[in-house]
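Order-wise, the sequence lines are chains V and W. Using our numbering, read the first sequence as starting at 4 and increasing by one per residue. Using our numbering, read the second sequence as starting at 858 and increasing by one per residue.
No lab work stands behind these hints, which were simulated from the structure alone. Certain hints may be false.
Claimed, not checked - Here are the simulated DMTMM-like pairs of lysine to aspartate or glutamate, each with C-alpha atoms no more than 20 Å apart in a straight line:
#1 W:K965 to W:E934
#2 W:K938 to W:E862
#3 W:K961 to W:D896
#4 W:K961 to W:E862
#5 W:K953 to V:E57
#6 W:K961 to W:D909
#7 W:K953 to V:D14
#8 W:K938 to W:D909
#9 W:K965 to W:E948
#10 W:K965 to W:E862
#11 V:K10 to W:D896
#12 W:K953 to V:E61
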Amino acid sequence: SAVISQKPSRDICQRGTSLTIQCQVDSQVTMMFWYRQQPGQSLTLIATANQGSEATYESGFVIDKFPISRPNLTFSTLTVSNMSPEDSSIYLCSVLLQGSYTEAFFGQGTRLTVV
Amino acid sequence: GQSLEQPSEVTAVEGAIVQINCTYQTSGFYGLSWYQQHDGGAPTFLSYNALDGLEETGRFSSFLSRSDSYGYLLLQELQMKDSASYFCAFEYNFNKFYFGSGTKLNVKP
């Protein structure tokens, strides 16, 4: 298993500002992902965080809006830029561990409210 | 395109058996996963089916029929702590998952 620390756990931000969310894992990680979840709804994959290179974004998500860094195997950040109320959501970090390519572990999420 | 359907809500009594169905549509398919999420909590992994058939893990079982683009999660001997949302997700590309909207399971005494 893995312990995933995600910070902050929640935040209320003004529109037009940016928020950076951190994800730290205590185990050997092969892959890291960022998801978005509207409360009570499905999880949507934003991007795959690649170590030392640009993230791979899913359709509908762009680097200018959601820049992602992954400087090492166990740490990643997601920035939500130039926020609007439509960005209000829960953002989740997810990882796959060495030896397991089907069981994803999730952080507790960051609940973001944009006002 | 991609789509996934599962019931929005299911109610059952403690000790009973409940089945949550999942039908999907996708051009790429590697396997089907199930996750449990309690209110305010992180999704936690329950199962992954790559091949047709039934996989059993304790009180939970998961089934997949690739030809029918269909799967289900079976929960036996329901307990109050099983009240949660259950998400079906298909792997459409290596390690990339498309999640359904979730099924809220209410277990009543």
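Hints versus structure:
no.: 1; hint: W:K965 to W:E934; result: holds (12 Å)
no.: 2; hint: W:K938 to W:E862; result: violated (24 Å)
no.: 3; hint: W:K961 to W:D896; result: holds (10 Å)
no.: 4; hint: W:K961 to W:E862; result: holds (13 Å)
no.: 5; hint: W:K953 to V:E57; result: holds (17 Å)
no.: 6; hint: W:K961 to W:D909; result: violated (25 Å)
no.: 7; hint: W:K953 to V:D14; result: violated (28 Å)
no.: 8; hint: W:K938 to W:D909; result: violated (29 Å)
no.: 9; hint: W:K965 to W:E948; result: violated (33 Å)
no.: 10; hint: W:K965 to W:E862; result: violated (24 Å)
no.: 11; hint: V:K10 to W:D896; result: holds (19 Å)
no.: 12; hint: W:K953 to V:E61; result: holds (10 Å)
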